[in-house]
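The task is to assemble the complex, starting from two chains supplied on their own in separate frames and drawing on the hints.
In order, the protein sequence lines correspond to chains W and F. Going by the numbering used here, the first residue of the first sequence is number 1, and it counts up by one from there. Going by the numbering used here, the first residue of the second sequence is number 1, and it counts up by one from there.
Mixed in with the good hints there might be a few duds.
Pulled a few chain F residues facing chain W out of the computed Cβ check, cut under 7 Å [what the hints assert, rightly or not]:
1) 4
2) 5
3) 11
4) 31
5) 37
6) 46
7) 60
8) 65
9) 67
If you want the ones that stay clear, here's a sample from chain W, every Cβ over 10 Å from chain F, calculated [said to hold, decoys possible]:
10) 72
11) 129
12) 239
13) 261
14) 384
15) 388
16) 437
17) 456
None of these hints come from the bench; they were simulated from the model. C-beta: ideal position from N, C-alpha, C; glycine also.
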Amino acid sequence: MSADPHLAVVGAGPAGLAAALAAAARGLRVTVIDSAAEAGGQFYRQPAQGLGARRPQALHHQWRTWEKLRDGLAAHIEAGRITHLKGHHVWCVERKPHAFIMHALLGPEQQEPAAVRADAVLLATGGYEKVLPFPGWTLPGVITAGGAQAMLKGGLVLPGRTAVVAGTGPLLLPVAVGLAAAGAKVAALVESADPKAFVAHTTTLTAHPGKLAEAAQYATALLAHRIPIRAHHTVVAAHGTERLEAVTVAALDADGRVRRDSERRISCDTLAVGNGLLPHTDLAEALGCRIDRGGVAVDEEQRTDVPGVWAAGETTGIGGSALSLAEGHIAGRSAAARLRNTQPDPGAWTAAARARSRLRRFFSALDTGYALPAHWTEQITDDTVVCRCEEVPAAAIREAVDELGAGDVRTVKLLTRAGMGWCQGRMCGPAVAGLTGGEQPPAKRPFACPVPLGVLARAGAPGETTQG
Amino acid sequence: MRSRTPLDLVEARPGPSFTVTFDGREIDAMPGQSIAAVLWSAGVTSWRSTRGEGGPRGVFCGIGVCFDCLVTVDGRPNQRACLLPAEPGQVIRTQEGTGHDER
Numbered sequence: 001m002s003a004d005p006h007l008a009v010v011g012a013g014p015a016g017l018a019a020a021l022a023a024a025a026r027g028l029r030v031t032v033i034d035s036a037a038e039a040g041g042q043f044y045r046q047p048a049q050g051l052g053a054r055r056p057q058a059l060h061h062q063w064r065t066w067e068k069l070r071d072g073l074a075a076h077i078e079a080g081r082i083t084h085l086k087g088h089h090v091w092c093v094e095r096k097p098h099a100f101i102m103h104a105l106l107g108p109e110q111q112e113p114a115a116v117r118a119d120a121v122l123l124a125t126g127g128y129e130k131v132l133p134f135p136g137w138t139l140p141g142v143i144t145a146g147g148a149q150a151m152l153k154g155g156l157v158l159p160g161r162t163a164v165v166a167g168t169g170p171l172l173l174p175v176a177v178g179l180a181a182a183g184a185k186v187a188a189l190v191e192s193a194d195p196k197a198f199v200a201h202t203t204t205l206t207a208h209p210g211k212l213a214e215a216a217q218y219a220t221a222l223l224a225h226r227i228p229i230r231a232h233h234t235v236v237a238a239h240g241t242e243r244l245e246a247v248t249v250a251a252l253d254a255d256g257r258v259r260r261d262s263e264r265r266i267s268c269d270t271l272a273v274g275n276g277l278l279p280h281t282d283l284a285e286a287l288g289c290r291i292d293r294g295g296v297a298v299d300e301e302q303r304t305d306v307p308g309v310w311a312a313g314e315t316t317g318i319g320g321s322a323l324s325l326a327e328g329h330i331a332g333r334s335a336a337a338r339l340r341n342t343q344p345d346p347g348a349w350t351a352a353a354r355a356r357s358r359l360r361r362f363f364s365a366l367d368t369g370y371a372l373p374a375h376w377t378e379q380i381t382d383d384t385v386v387c388r389c390e391e392v393p394a395a396a397i398r399e400a401v402d403e404l405g406a407g408d409v410r411t412v413k414l415l416t417r418a419g420m421g422w423c424q425g426r427m428c429g430p431a432v433a434g435l436t437g438g439e440q441p442p443a444k445r446p447f448a449c450p451v452p453l454g455v456l457a458r459a460g461a462p463g464e465t466t467q468g
Numbered sequence: 001m002r003s004r005t006p007l008d009l010v011e012a013r014p015g016p017s018f019t020v021t022f023d024g025r026e027i028d029a030m031p032g033q034s035i036a037a038v039l040w041s042a043g044v045t046s047w048r049s050t051r052g053e054g055g056p057r058g059v060f061c062g063i064g065v066c067f068d069c070l071v072t073v074d075g076r077p078n079q080r081a082c083l084l085p086a087e088p089g090q091v092i093r094t095q096e097g098t099g100h101d102e103r
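Isolated chain F (complex conformation) (with noise of 0.2 Å):
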């Protein structure tokens, strides 16, 4: 009874897929998955350090009402994962606390 993947479960035909980059590592995302789920599939849980300790965050609440999963995409920082959707070469970077003190 037990299916492999989520994909496997819904019976999903994804749309042909694309790369955005991670850190500078090329990675595969499925049309229509937001940067949160892109990372996750790509084994990825951690995407920033905060301000104070440097701790790692990822997704905590996944509907975008805690801003844990905030993220800098083509250079803006602040972004929310598990909104925004992935676009075919978008540049993800792991958020150094408030992303403003980044070149």
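Next comes chain W alone, as it looks inside the complex (with noise of 0.2 Å):
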């Protein structure tokens, strides 16, 4: 065996690939801890090896950036440097002196435990869809516009016939184009922004040529596809008893609230719907490390506060997959250095540095455009279903803050159950927050994921499989 320093990097989507080729050039034995069955993480989701594609490509933007993270990793996995172990959902990373462990469930059935210790950690978890309710969101064939896409991706598959995508949201644009591209009607591209919104940060958004080409791409796809556009919109419910039938859209108007007179029903058997995407923080957060505005905080080297952790791509906040790659290249790069007690040399990172903080100034404009109606909660009718696993209905949240005085959202779950079921509140969070009247505070959850009681009993005792 080698000595050389050995780096976890928990994610295999741009981010991890990204950390875990610059870390494993620089001469750092890597493992990729990834719970698909394939590398590429949401952005870059393959079709199962099974369905023999051809021409994955036809889904997929940035195909040549893929290619080469794809053949990087293989390069290094042939050279031993890099061991990517597949269908590892980690649910714990564990902090021992001069080493971290981090505690995995194998398989999509999560009831066997694998466990890998490292000398560093770097934490590429990605993100996740933010979804807020409204009458109607339990229906199947209402599903969210991350998921619509990763089943067509991974699975090739559509829900429906006829397809109304609503938000808010960039997201929002390649899952319409990739949706009429597999077959989909589009019946609408229903996005709660106000296209004046973008007006006061021109300077930045035509600073990036390059967005400026993918934007006008979306919009040459959508025309092709004859995909109408309802900007400044909304959809108020989605009706149908054992499945979606049709959604009613409505304009918003200038505060933000529904304009009743200008409601209209559009039939469709599938609703795609996002409002953006959230970090996943769990693993940073349970490890102790600080978050900021909703991401793991880090510093110029994408260092968490908690030494030996890295953290790069969405789990930082979101920026897209441009700038989950260049904080993963940096991230890898630093580690490789102070793995060995040295000291990096940013001079020879500028120019993903420069990427960073460009992506970075251009999604923070692009943040401020795209917006959910002002008064989105008042669109959530007393009988709506907050909280889809505990079945709370927005009445009891409403109950609990106007009557019994909860003022925050841990005090509404303890009232009305919102958020205790198996999600863990990912679903509903944003949602009880919003309703509470409060800023949605970091969760603070032990583990990532649900973990059989035998697991959780035996991991860390010894005997327990620890590889690297």
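Now the structure itself:
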């Protein structure tokens, strides 16, 4: 065995792969631990191998970048510098003196444990979608925009024939175009942002020729597929009994309130809905890393405030795949130097650092433009289920706040069970915070996914498989 | 320009298909597809009824985060259909409530 320092990278999306390649190229032993069956993360999710896709790039953007990551990973695996553990869902990172232990559950069933020991850890755990409740949102056929894309990219399937894509954020464009290209009729793209909101940031937004070209490509594709765009509109309700049959869409007024006189019904069997992404920060929070504005706080080298823990990509704040690549690259280089007790030379990554600051500025400008309807909580009727797992209606949350005096999401949770179910509040968290009238605090979940009690009892016991 | 199916779009040549059963009905599956993808392909979008209201549920987040797509597979309840790959001969059943009250 070599005595090279060992870095564990959690997540095999753009940030994790960029980090792993940068670190392995500079002499670290790297173990990439990822829950999926194949590398790529959500952005570069690949069709299952058994499906024999000969042109998977038809469902992807920036395919050339993916080829470089994929081939780089394969070369390092071949050379024995990177180990790629697929189907490993890390539920906890344990901090030991001079080491970290990644506790994982194996495969999609997540019953069998595995553990990996490393000198340092780099968190590239990505993000997941923010969705807000509205009447009918639990009907089968209503799915997240990212979920529609994941099922399409990974399983080559569509949930129905006629889709409405709705919410806010840049993800809606590729989802609408992807669904249409794969054969669905996209009856409308409903974006709640007011196009005028972007005008104030024209300078920042147009400083990115690449991004402008991307936007132009989407505009062309939307036209080619004849997808009607309803800007400054929102979905008011989804209708159906056993499954989705139609949605009601309405315009927003200058204050961001629904204009009832503008309501119209659109027949559809699929509603793909999303309001931007949220960083996956469970592992970082359990390690005690500082969280800033929802993401893991990092320094110029992508180090968290916990020694030996780096973070890169969406987990540090949402900014897309190009930003994830830049952050991952910097994190990998920093770790490679620091784990050999040398001072890294930021001069060696100036291009990545420049891309990072440019893209962070771009996404923060984009973020102020893309916005939820200002009064979105008013659209949640009392009988709308807010917590999907525990089936808690909005009325119960409002009662907890207005009559029982709950002033924060934790008290609301204790009084109503909202956020106490299988997903641990990942789906309802933003809505419960909105209805409670405050910011969403860090959730502080000790485990990143449900863990069988038997596994928990054995974790850390002698004899548990430990690699690395 | 429009392709008819996602399989056409990526010029897929899937391996030999196989069958699974869903609530006693045989349905076709392609290798590598998740149970959720197989059910969608068969036109099924709901495979759980909730503990409280008994409401129908299927895929929501599609990436294993929301646990809405829980289903009973080969007698084991609470499997996430969006993550679990389909295997030949699997017996998939609509999950009623917690899934632990069934025989």
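Here is what the structure says about each hint:
1. 4: holds (5 Å)
2. 5: holds (5 Å)
3. 11: holds (4 Å)
4. 31: The hint holds - residue 31(F) has a Cβ within 7 Å of chain W, the shortest such distance being about 3 Å.
5. 37: holds (3 Å)
6. 46: holds (4 Å)
7. 60: holds (6 Å)
8. 65: Where the cut-off is 7 Å and the nearest Cβ of chain W is about 5 Å from residue 65(F), the hint holds.
9. 67: With a minimum Cβ separation of about 3 Å from chain W (threshold 7 Å), the hint on residue 67(F) holds.
10. 72: Residue 72(W) is indeed farther than 10 Å from all Cβ atoms of chain F, at 23 Å.
11. 129: Violated: least Cβ distance 7 Å, not greater than 10 Å.
12. 239: Given a closest Cβ separation of 14 Å, the condition holds.
13. 261: Given a closest Cβ separation of 31 Å, the condition holds.
14. 384: holds (12 Å)
15. 388: violated (6 Å)
16. 437: holds (25 Å)
17. 456: Holds, since 17 Å exceeds 10 Å.
In summary, the numbered hints that this structure violates are 11 and 15.
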